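What the sequence shown shows, in the numbering used here, is residues 37 to 353, in sequence order.
Rather than coming from a laboratory, the hints here were simulated on the basis of the structure.
Remember, predicted model here, so these are calculated numbers, not experimental data.
Any given hint could be a false lead.
[As the list claims (entries may be wrong)] Okay, derived cross-link-like pairs now, SDA-like style, lysine to any residue, Cα gap no bigger than 25 Å in a straight line: (1) K273 to E201; (2) K276 to A349; (3) K315 to E285; (4) K273 to P48; (5) K313 to L249; (6) K237 to Q204; (7) K38 to P295; (8) K273 to M150; (9) K273 to I347; (10) K315 to G263; (11) K276 to D220; (12) K276 to L249; (13) K276 to T202; (14) K237 to L249; (15) K77 to K276; (16) K237 to R281; (17) K77 to K112; (18) K276 to D342; (19) K315 to S325; (20) K112 to A156; (21) K313 to A348; (22) K313 to A283; (23) K112 to P211; (24) K77 to A283; (25) K134 to E148; (26) K77 to K315; (27) K273 to R252; (28) K276 to G339; (29) K38 to R292; (30) K276 to L320; (31) K38 to N251; (32) K134 to M150.
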Amino acid sequence: MKDFSGNEAFYPPSPSVARAVAAHLGEINRYVTPGETGSLKEALSTYTGVAAEKIFPGSGSHYLLNQLLGGLRAQKNLVSTHPGILSGIAMSRYPGKKLRRIQLEPPVFSLEKMASTEDAAIYLLDRPNDPTGQSLITVDRIQELLSHSENRVVIDEAYSEYAEETLQSLVSEYPNLGILRTLDKAFGLGGLRVSYLLLGKTLKEEIRDIPPLINRPALTGALAALGDIGYMAAKVKDVKEERHRLAGELEDLGLRVYPSSANFVLFFCQDHDLALKLKARGFLIADVSANWFQGHYRITVRGPGDNASLIAAMREV
Numbered sequence: 037m038k039d040f041s042g043n044e045a046f047y048p049p050s051p052s053v054a055r056a057v058a059a060h061l062g063e064i065n066r067y068v069t070p071g072e073t074g075s076l077k078e079a080l081s082t083y084t085g086v087a088a089e090k091i092f093p094g095s096g097s098h099y100l101l102n103q104l105l106g107g108l109r110a111q112k113n114l115v116s117t118h119p120g121i122l123s124g125i126a127m128s129r130y131p132g133k134k135l136r137r138i139q140l141e142p143p144v145f146s147l148e149k150m151a152s153t154e155d156a157a158i159y160l161l162d163r164p165n166d167p168t169g170q171s172l173i174t175v176d177r178i179q180e181l182l183s184h185s186e187n188r189v190v191i192d193e194a195y196s197e198y199a200e201e202t203l204q205s206l207v208s209e210y211p212n213l214g215i216l217r218t219l220d221k222a223f224g225l226g227g228l229r230v231s232y233l234l235l236g237k238t239l240k241e242e243i244r245d246i247p248p249l250i251n252r253p254a255l256t257g258a259l260a261a262l263g264d265i266g267y268m269a270a271k272v273k274d275v276k277e278e279r280h281r282l283a284g285e286l287e288d289l290g291l292r293v294y295p296s297s298a299n300f301v302l303f304f305c306q307d308h309d310l311a312l313k314l315k316a317r318g319f320l321i322a323d324v325s326a327n328w329f330q331g332h333y334r335i336t337v338r339g340p341g342d343n344a345s346l347i348a349a350m351r352e353v
């Protein structure tokens, strides 16, 4: 079964990751020390250009988001998108907050007309968004939200390397901004679960300190991956080229394909049983219409051979 549904990197991480993790397996009896966590912060600072004291690594984005929201008690309103991964995570942990979910409707996915709430709010936005693959909101509009000091804006940039755009430079300018990023996607470390928060001054003070929960193999692998940025950049280039080619192949099948800045492509197909038919042929794709609009499917970009096999199967059904 070939899985096009998980938004994982289809390629392994840098060879240096496996070598580093293997070389340090004899140390897994030891807890990660603050100094070692500090080394990861410094490596992330070099990569992002954000000061190390504003960087908080952790074991996955869910963990970090829960820690962040647990410290934001003044804001009772949550504003997010539907669909969108962040709102679901937030409400499962903090049901006392009031959630306003903004419906994303095809064919134009945009939050430019999103109205601000009257009261202080936490804006949870993924950029690029999953499953649309689009940024949804401009930098100017985000800065407008941030200009209200009582607001807190949290942006999930899990796919930013594929988009070639990040808001990380705004962290030093806006104290109420938080950016959630990960090494799971572009760096290929999904099995190690390494994510990190970039926090503006106010957010950093409000949540005080996030326990740096990260295991030793993940720490070792992350440091090795960050030491080989060239490998990651080359793989991202490959994904973007395949994304363009795959989108063209889907359009040739007569499907409506939406522009994407992530490692996946969203498309519309009138066949509401497409996912089931492809599964019977050994291909898993994500049917995102269950709680959204019917006929919308998301497929993760894989290698040229796998993508060609999927397209061939789609021609048959």
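Hints, one by one, checked against the model:
1. Pair hint K273 plus E201 holds up; C-alpha atoms about 14 Å apart against a cutoff of 25 Å.
2. The straight-line distance between the Cα atoms of K276 and A349 is roughly 22 Å, inside the 25 Å bound, and the hint therefore holds.
3. Between K315 and E285 the CA atoms are separated by roughly 19 Å; this keeps the pair inside 25 Å, and the hint holds.
4. Our distance criterion of 25 Å between C-alpha atoms is met by K273 and P48, whose separation comes to about 15 Å.
5. Of the pairs offered as hints, the one joining K313 and L249 is violated, with about 42 Å between alpha carbons and a cut-off of 25 Å exceeded.
6. Distance check on the hinted pair: K237 and Q204 sit about 13 Å apart at the alpha-carbon level, within 25 Å; holds.
7. For the hint linking K38 to P295, the alpha-carbon distance of about 24 Å falls within 25 Å, and the restraint holds.
8. Between K273 and M150 the CA atoms are separated by roughly 33 Å; this puts the pair beyond 25 Å, and the hint is violated.
9. Annotation: proposed proximity of K273 to I347 holds, straight-line Cα distance about 21 Å (limit 25 Å).
10. As the CA atoms of K315 and G263 are separated by approximately 39 Å, the hinted pair breaks the 25 Å bound.
11. Using a Cα cut-off of 25 Å, the hinted pair K276 and D220 holds, with the two alpha carbons roughly 17 Å apart.
12. For the hint pairing K276 with L249, the CA-to-CA distance comes to about 32 Å; that exceeds 25 Å, so the pair is violated.
13. About 17 Å separates the Cα atoms of K276 and T202, which keeps this hinted pair within 25 Å; it holds.
14. Restraint check: the Cα-Cα separation between K237 and L249 comes to about 21 Å, which is no more than 25 Å; the hinted pair holds.
15. Under the criterion of a C-alpha separation no larger than 25 Å, the hint pairing K77 with K276 is inconsistent with the structure, at around 28 Å.
16. Between K237 and R281 the alpha-carbon distance is near 42 Å, which puts this suggested pair outside the 25 Å criterion.
17. Taking the CA atoms of K77 and K112, the gap is near 31 Å; set against the 25 Å cutoff, the hint is violated.
18. Taking the CA atoms of K276 and D342, the gap is near 15 Å; set against the 25 Å cutoff, the hint holds.
19. Proximity of K315 to S325 is assessed by CA-CA distance (about 16 Å); at most 25 Å being required, the pair is judged to hold.
20. Of the supplied pair hints, the one linking K112 and A156 holds, its CA atoms being roughly 7 Å apart against a limit of 25 Å.
21. Of the pairs offered as hints, the one joining K313 and A348 holds, with about 13 Å between alpha carbons and a cut-off of 25 Å not exceeded.
22. Simply put, K313 and A283 have alpha-carbon atoms about 20 Å apart, close enough for the 25 Å limit, and the pair holds.
23. Between K112 and P211, the direct Cα distance comes to roughly 19 Å. Compliance with the 25 Å bound is thereby established for this hinted pair.
24. Distance check on the hinted pair: K77 and A283 sit about 37 Å apart at the alpha-carbon level, beyond 25 Å; violated.
25. Between K134 and E148 the CA atoms are separated by roughly 22 Å; this keeps the pair inside 25 Å, and the hint holds.
26. For the hint linking K77 to K315, the alpha-carbon distance of about 42 Å lies beyond 25 Å, and the restraint is violated.
27. With a C-alpha separation of about 30 Å, the suggested pairing of K273 with R252 is violated against the 25 Å cut-off.
28. In summary, the hint linking K276 to G339 is supported, as the alpha carbons are separated by about 11 Å, within the 25 Å threshold.
29. For the proposed pair K38 and R292, the alpha carbon gap of about 23 Å is at most 25 Å, so the pair holds.
30. Restraint check: the Cα-Cα separation between K276 and L320 comes to about 21 Å, which is no more than 25 Å; the hinted pair holds.
31. This hinted pair does not check out: K38 and N251 have alpha carbons roughly 30 Å apart, beyond 25 Å.
32. For the suggested pair K134 and M150, the alpha carbons sit about 17 Å apart, so the restraint of at most 25 Å is met.
Violated hints, listed in ascending order, are 5, 8, 10, 12, 15, 16, 17, 24, 26, 27 and 31; each of the other numbered hints is respected by the structure.
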